[in-house]
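*Asks:* Add chain X to chain R, keeping to what the hints say.
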Amino acid sequence: MSEILKGRAWVFSDDVDTDLIYHNKYLAETDPKNMPQYAFEYYPGKENFAKEVKPGDFVVAGKNFGCGSSREHAVYCLEYAGVPCVLAETCSRIYYRNAINNGYPVLFVKGISEAIKEGKIKDGDQLEVELSTGTIRDVTNGNTFHGDAVSDLENDIMEAGGLMNYMKAKVGAK
Amino acid sequence: MGKTFAEKVLGRAAGYEVTANQVVTVEPDFCMSHDNGAPIARTFKKIGVTNVKYPERICLILDHAVPAPTSDHAVNHKEVREFVAAQGIPNFYDVKSEGGVCHQKMCEEGYALPGLVMVGSDSHTCTYGAFGAFSTGIGRSEMAAVWATGKLWFKVPESMKVVVTGKFKPGVSAKDFILKFIGDVRADGADYMSVEFHGEGIENMSIAERMTLCNMGIEFGAKNAVCKPDKKLLDLIKERGNAKSDRWEALWADEDAVYAKEFHYDLGDITPGVAKPHKVDNYSPIEEVKGTKIHEAFLGSCTNGRIEDLRLAAGILKGKKVAVRTVVIPASWIVYRQAMKEGLIDIFLDAGCIICNPGCGPCMGNHEGILAPGEAAISTANRNFKGRMGDKESFIYLASPMTVAASAIKGEISDPREAL
Numbered sequence: 032m033s034e035i036l037k038g039r040a041w042v043f044s045d046d047v048d049t050d051l052i053y054h055n056k057y058l059a060e061t062d063p064k065n066m067p068q069y070a071f072e073y074y075p076g077k078e079n080f081a082k083e084v085k086p087g088d089f090v091v092a093g094k095n096f097g098c099g100s101s102r103e104h105a106v107y108c109l110e111y112a113g114v115p116c117v118l119a120e121t122c123s124r125i126y127y128r129n130a131i132n133n134g135y136p137v138l139f140v141k142g143i144s145e146a147i148k149e150g151k152i153k154d155g156d157q158l159e160v161e162l163s164t165g166t167i168r169d170v171t172n173g174n175t176f177h178g179d180a181v182s183d184l185e186n187d188i189m190e191a192g193g194l195m196n197y198m199k200a201k202v203g204a205k
Numbered sequence: 335m336g337k338t339f340a341e342k343v344l345g346r347a348a349g350y351e352v353t354a355n356q357v358v359t360v361e362p363d364f365c366m367s368h369d370n371g372a373p374i375a376r377t378f379k380k381i382g383v384t385n386v387k388y389p390e391r392i393c394l395i396l397d398h399a400v401p402a403p404t405s406d407h408a409v410n411h412k413e414v415r416e417f418v419a420a421q422g423i424p425n426f427y428d429v430k431s432e433g434g435v436c437h438q439k440m441c442e443e444g445y446a447l448p449g450l451v452m453v454g455s456d457s458h459t460c461t462y463g464a465f466g467a468f469s470t471g472i473g474r475s476e477m478a479a480v481w482a483t484g485k486l487w488f489k490v491p492e493s494m495k496v497v498v499t500g501k502f503k504p505g506v507s508a509k510d511f512i513l514k515f516i517g518d519v520r521a522d523g524a525d526y527m528s529v530e531f532h533g534e535g536i537e538n539m540s541i542a543e544r545m546t547l548c549n550m551g552i553e554f555g556a557k558n559a560v561c562k563p564d565k566k567l568l569d570l571i572k573e574r575g576n577a578k579s580d581r582w583e584a585l586w587a588d589e590d591a592v593y594a595k596e597f598h599y600d601l602g603d604i605t606p607g608v609a610k611p612h613k614v615d616n617y618s619p620i621e622e623v624k625g626t627k628i629h630e631a632f633l634g635s636c637t638n639g640r641i642e643d644l645r646l647a648a649g650i651l652k653g654k655k656v657a658v659r660t661v662v663i664p665a666s667w668i669v670y671r672q673a674m675k676e677g678l679i680d681i682f683l684d685a686g687c688i689i690c691n692p693g694c695g696p697c698m699g700n701h702e703g704i705l706a707p708g709e710a711a712i713s714t715a716n717r718n719f720k721g722r723m724g725d726k727e728s729f730i731y732l733a734s735p736m737t738v739a740a741s742a743i744k745g746e747i748s749d750p751r752e753a754l
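Heads up: the protein sequence lines correspond to chains R and X, in order.
The numbering used here puts the first residue of the first sequence at 32, with every later residue one more than the last.
The numbering used here puts the first residue of the second sequence at 335, with every later residue one more than the last.
Hints were generated in silico from the structure; no laboratory data involved.
All values reported here derive from a predicted model rather than from experimental measurement.
Worth double-checking, as some hints may not be accurate.
Said to hold, decoys possible - Straight-line Cα separation of at most 30 angstroms, DSBU-like style, residue types lysine-lysine; simulated pairs:
#1 Lys64(R) with Lys412(X)
#2 Lys141(R) with Lys489(X)
#3 Lys744(X) with Lys503(X)
This is chain R alone, in the form it adopts within the complex (with noise of 0.2 angstroms):
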């Protein structure tokens, strides 16, 4: 698969925590679709995420992304947003185990988090990511980042459609 997403990039810094990405206040709600409404809602400057966030656009952000709660609302509000995988230095073991048994990707990319302290890349800048490779390319100012390819077991997860049914196919449950 060399398939070539294009978006514009959202720029966050490290330790975005859970309860920035998806507020405790919006927990009662179990419907995914109707939880792209509060992403970011309560993250300083980005309370205009929801409303302006379109299909295809990009994530990107420091280390220890996700980091809080188990509360898997905040893979799904960017997933139902449109959000075709989160691009972060690292991300907390909780928010990565949320997104992959969900089939969304996260990419962990060296080097992000120094980049966009440093403005290397910001908020709007055209992305171009290569999923299979890990190859993120800022198209507006010519920087080039390099993310770990995702793992076999993702791979496995994701290709089954989701935890649910890789655990069926692997332990022969009913």
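*Replies:* Okay, now just chain X, sitting in the frame of chain R:
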């Protein structure tokens, strides 16, 4: 080469030797969900499986918003009750005097046991490491998969060793240590790692203090956090006599196990401190924040709502009056009754505190102490993320029960050592 705690427990569960970074599929001994059991049940129903694999391994504990403050919460509770009845799940704690905060209940009712693999659809499931369990938080879809298949995949984590010596000085407790530690290693210091607390400093601590340490593991990225199952713990398990499983075994890391990171602390060096808004790793010693005006004090939560915590706070509040609204929430009804017996509830009421029913209370902003714009709270809970306890423009300082009590009296952040 020796094995870490995580390698031993996951290897035992898998039935073969494992090493860090290997992926294994194991059957968790217990899986815990709270109010979010309702959406998990909805996901479960979509799988097309009629019955859960192991009803006796599922624990459902209503605590996040109890009694229901909104009809949405009430619907969730109703669906959990219906699911429990339909599936014949024996381990259910409803909105009754048998309940309390889920993590407290899992520990006091004998589910948390050494050597078990435990998962919960809540990030603070890591608390059970105080009982020697390998326990970790998972997402809702994953929990539905565990209900259906009884199994879950795990990457065997690398491990971090934290060696602790010494004893706390008066006015200092486990919360002060873990806040300082998180400030040092930062919010992602143990990302995806198993964190082992070693040393006589841990053996000197009560099981309640160990629960505070393990509870906060997630706040520096840990997959799980654990203390050695020593004589103190094994005696407690024996004394309680309510172990809910006979599969447990006291397992611990080998002396020559290999660690990705290692830290050493002397508890005698620890002083009172706080985590400032809006990050848990935004640590300050008390001296730097003393005098900061607060509008609310919260004593409770899965981090610090145990009888030991209430005693420490009551020791400071006895005979004093609070200057700001102070919400006290015992972590369970067992704790509540014990506090009544010991006269602690009277001490809190005499001081002007409000006592709410056991549950999560205002910790994640559901009810019982929401903050207005511009207000600041000092809290014994575990997270101070922006807006977590209410308005976007409110502020949360995390601290120990003694610091919260001392601050409630003055209406500003205060040094508990001056209030002893």
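*Asks:* Next step is simple, just say for each hint if it's right about the structure.
*Replies:* Hints, one by one, checked against the model:
A hinted pair counts as satisfied when its Cα atoms are at most 30 angstroms apart, and Lys64(R) with Lys412(X) qualifies at roughly 23 angstroms. With a C-alpha separation of about 21 angstroms, the suggested pair Lys141(R) and Lys489(X) falls inside the 30 angstroms cut-off, and the hint holds. Between Lys744(X) and Lys503(X) the alpha-carbon distance is near 22 angstroms, which keeps this suggested pair within the 30 angstroms criterion.
Going through the hint list in order, the structure satisfies each hint without exception.
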